[in-house]
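Residue numbers (the working numbering), protein chains in the order written: chain F, 11 to 297; chain A, 412 to 666.
Please note that the accuracy of each hint is not assured.
[Unchecked claim] Covered stretches of chain F, going by a simulated chain A footprint (3 or more residues, C-beta under 8 Å):
1) 154 to 168
2) 181 to 194
3) 235 to 244
In case anyone wonders, no lab produced these hints; they're calculated from the structure.
From a predicted model like this one, the values you see are computed outputs, not experimental measurements.
The C-beta atom is built at its ideal place from N, Cα and C for all residues, glycine as well.
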Amino acid sequence: MIDWLMEPFQHPFNQRAILAALLIGCTNGYASAFVVLRKSALKVGSLSHALLPGIAVAILVFGLHDWSAFLGSLFAALLIGLGSLAVSRGSRLDQDSALAILYTAAFSGGIILLRRIGVTQEMEEWLFGNIMGLRDGDLWTNFWISFGALGILTALHRPLLMTLFDAEVAATLGVPVRALNYLLLAVLIVVLISSLQAVGCMLALGLLVTPAATIYLLTDSTHAMFWGGALLGGLAAAFAVLAGWWLNIEQGPSIVLVLGAVFALAFLFSPKYGLIARVRRPRDRQA
Amino acid sequence: MVNPAHESCAHCGHHHELQVEGLAVRYREVDALRDVSFSTSCGACVALIGPNGAGKSTLLKAIAGLLPVAAGRILWRGTKVARWSREIAYLPQRENVDWQFPITVRGVVRMGRFPQAGWWRPFSRTDESAIDRAIGMMGLADLENRQISQLSGGQQQRVFLARALAQEAHVLLLDEPFTGLDRTSKAALAGTLKHLTEEGRLVIASHHDMDTVKDIYDEVLLLHRRAVAFGPVAEVFTAAKLDETFGPPDGKEAA
């Protein structure tokens, strides 16, 4: 029994995976508070799908390197994001519709392209992640992304929260709302890309929404949402990697599933905002 | 020239004027406002009155610096209003705000100190005491640690006012402050606005309820894409001028 529990800690690729899960989970969990408070989960989800064609094109043009996938996905997210803005400004369509059209078209193109260039094996990894395949270099990349993203988001905490709460009032108080919105989106995209290897672009959204959404059901404090989200994201991802090893299931889906399970618990049993508490207390009282 | 520590214009010798000259604002291709001119000063309580889509919110946002000015200019104390000013506070319609946002009353009021505290500096004792004073003036002391999701409409409006006070604003721009309030809260808010103007602030609010205009405001700006009339309530708030703004009551309403 003990051997079985301790087994995953003995392989270097497992140790790397656990470390990466902690790192990626923490950063995504922290950033997820911004996604939840900004109510932009769908937008971020669209962008995460838009990463795939970028990876495909980059592999086609530059061959399969770590940096080609990273740059390709970054470029694709930018292109789709700005493209949707251009389409919505240049027509009567809203940005969400434009985004949906662009990213599904691009995603389809990406799948066809990845099949054509014969990297079906890798495609599975790009879609659903392969955290066991991480190398030391990937770990360092993740570390620097986490460091930079957390640094920027923490430093700009005050104006960012004001922007999220009420952008117009924030602007009248001297907050450069538009620049901060672009910066936030850029940081979220980089964080999203950093989680690709762990959970793939189909599941990345789960890691970038669920942690803070769960905490949101448990507390009224924004600080708790940020740091609680980071803690929950990191621990849940690391635990899921272990559980994946013990139960012999894929780590990527396992991470998102564990987070989903914790969310379900909070949804049901949260003392203040849980379903059961609500049913028991028909009229909303103050806590 | 002006002591920056003073709280409102009542304490300084001269009047502060807000002048709007030939203002035009365009949304894409549509003229939201054109040729709007009026001038008022601290100590006045001004009602913006006009039909839906007349540009009331647009005018408030333009004065707040939120919208680009297509023509004309807005002067506050003789200088052109920049993109933002600590002295001008904008209070949005309550329905445009996400009241489920996890933040306390004090947290919202504290945002008013952003111009003073800046991006990183921790809030100083001066900031905190300004926040305390604003919360006290608006009677929110008992509620300061409460989540904004648990407030009534009148309390929500007072939180916005407290934020403007913490900001030490001279001009308060309110978008539909009375809409959706119950009778008691309406009366209380009217009293508060009166008090704030008596202290020397300039209050400009868009207003829908014709029955209460005379009780609350000193001056009226009738607005329908352009300034139909501006002046003291007794002179401007007349049946003839209202007809000109809204269209005759029995005929078709102007769009």
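Each hint tested on the structure:
1. Here the segment 154 to 168 of chain F counts 3 residues with a CB under 8 Å from a CB of chain A, which clears the bar of 3, and the coverage holds.
2. Here the segment 181 to 194 of chain F counts 5 residues with a CB under 8 Å from a CB of chain A, which clears the bar of 3, and the coverage holds.
3. Counting residues of the segment 235 to 244 of chain F whose C-beta sits closer than 8 Å to any C-beta of chain A gives 1, which falls short of three, so the coverage hint is violated.
Of the numbered hints given earlier, the model fails hint 3 alone.
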